[in-house]
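Chain order of the listed sequences is A and B. Using my numbering, you'd call the opening residue of the first sequence number 1127 and step up by one each time. Using my numbering, you'd call the opening residue of the second sequence number 473 and step up by one each time.
In case anyone wonders, no lab produced these hints; they're calculated from the structure. Since this is a predicted model, take the numbers as computed values, not measurements. One should not assume that every hint holds.
[To be verified] So the derived list for chain A, only partly shown, Cβ under 10 angstroms to chain B, looks like this: (1) 1155; (2) 1205; (3) 1218; (4) 1245.
In this text, a Cβ means the ideal position worked out from N, Cα and C, and glycines have one as well.
These are the residues of each chain, in order.
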Amino acid sequence: MTSDILKYTWQFILLCLFQVLIFNNLNLGGFLNPFPYIYLILILPISMGRIPLLFIGFVLGWVIDVFSNTGGIHAAATTLIAFYRPLYLKAQAPREGYESTALPHLKAFGFAWFIPYAVLIVVLHHSALFYLEIFRFVDFFHTLLKVILSSVLTLFFIFLAEFLFVSNKRR
Amino acid sequence: MFFVFVLLEIACFSLIANNNTFHRASVLSSGNQLVGRMYDLNNEVKEYFKLKTINNQLAVENAALRSMLYESKYFSSNSLTSITDSISRQHYTYVPAKVINNTTDRRSNYLTIDRGILQGVEPEMAVITSEGIVGIVKDVSKNFATVISVLHKNSSISSKVADTEYIGSLVWEGGDPTVAQLKDIPNHVQLAEGMLIRTSGFSAMFPSGINIGTVRSFEIKPGDNFYSIEVKLLTDMNSVSMVYVVNNLMRLEQIELESQTEKSDK
C-alpha cells in the first residue's frame, strides 16, 4: 500500500516534469499541443475511491496550471475526467465485477477494452481544455481540429508509455 | 460525489476568472519564486542552442548604438561651446532582462523574464526587443516577472502607420505567431505592402515610435469603413531571448491625470 502511494507520487512528479519541461515547449504549428500528463488519471487503480480520484485530478491539473500560467483550465479539465472515469468503468464492468487489484492497463485488458477507454478520456479532457482556453464558439471548427490532432498525439505518447513501461507480469 | 465534483469545478472556474483579470498581484503564477527558479535552470540549457543568433542580434544592436555615440557624429559647425541641456529630461529608462519561459502556441500566451521588483520591474511596464515589441508586464515577484505577450487574446496595442497620423489598435486573432492584425485604420488612408507600423505612444506603456511590424496584406471587407490589415511582426516571438523592460518615468503622472479626467466626466 505504502509502496503504491510512493509509486504513484513518483509518477505524478515525473509526468508533471515531462509535461512542463518538454511537452509544453513542443511547438508544432499551433495545432499540436499534447498533454500526456493525464496518463496518471488513466492508470490509477480501478478500485480507487471516487473522491480521492477527484482530488488527485484537481491537484494534477492545478499543478500544470501553475506552471503554464493558465489559471484553472487544466484543473477544470482533469477534474472532469476524474469525475467521468468511474462512471465509464462502472458502465463497462464485467458481469462479475473487476478484481480488487486490477490496474487499467493495455496488457491487462487488451486493445478492444483499452482503446475506447483511453480515447474517450483523452478527447473529453482536450475538448474541455481547448474550449475553456478560447472560451467562445467563434473558432469552433478551428478548435475542434486542434482537439482532434492534439488528442491523437497525446494518445500516441500514452500508448508509447504503455508499451515501454508496463511489464507483462503486472496486472 | 457529484457535490464534490461541482465544488472542485467551481474552484477551477474561480481560478480561471482570477487569471483573466488583466493585472493582479498573484501568488501562483510563474512569477512565483520556485517556478521561476526552475524555468531559469531549464532556460540555461536551452540558451546554449541560441547563442549564435543572440550574438548576432547583440552585434547588430551594438553597431546601431555605436552609431549614436557622440564620437560617431559629425559636427559641421566649428563651435565647441558646451551647452547644459535643460530642455530634455529623461523620460524612459530600460531594464535589460532575459526571457526564461515563453509560449506562442496557445490562444493566450505569456512570457516569464528574470527581472522583478528588486530590479525595478513593475506591472504594466512595456517589454520590447531591439527589433520590436514583446508585451506588457503582468505580475512581478522579487526576481521574476510574467509578461502578457502580444500573442494574447486580450492584448491590444495602440499603434500607428508610420509617416501618417492614423491610429489603430494591434490585436492578435490567434493562429500564426508571426502575424498580428491591425484594426481601426479608416479606409481612405493610402496603404502599401511593406509599410512600417509603429507604436503610437498614446498609452502610458510604450514609448512612441517603437517598431512593431510591416504591412503584409490589407483589404476592405464589403460594407466596412476600416481596413483589415495583417501585420508581419518584426519580433520573432518564437525565439525572443533578450528583452528590455521600459520604465516610463512619467507613467503615474499620465495615468492619474487621465483617470481624473474620466472621473470628472461621469
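Task: Indices of hints not satisfied (ascending) - done: The structure conflicts with hints 3, 4, although it agrees with all the remaining ones.
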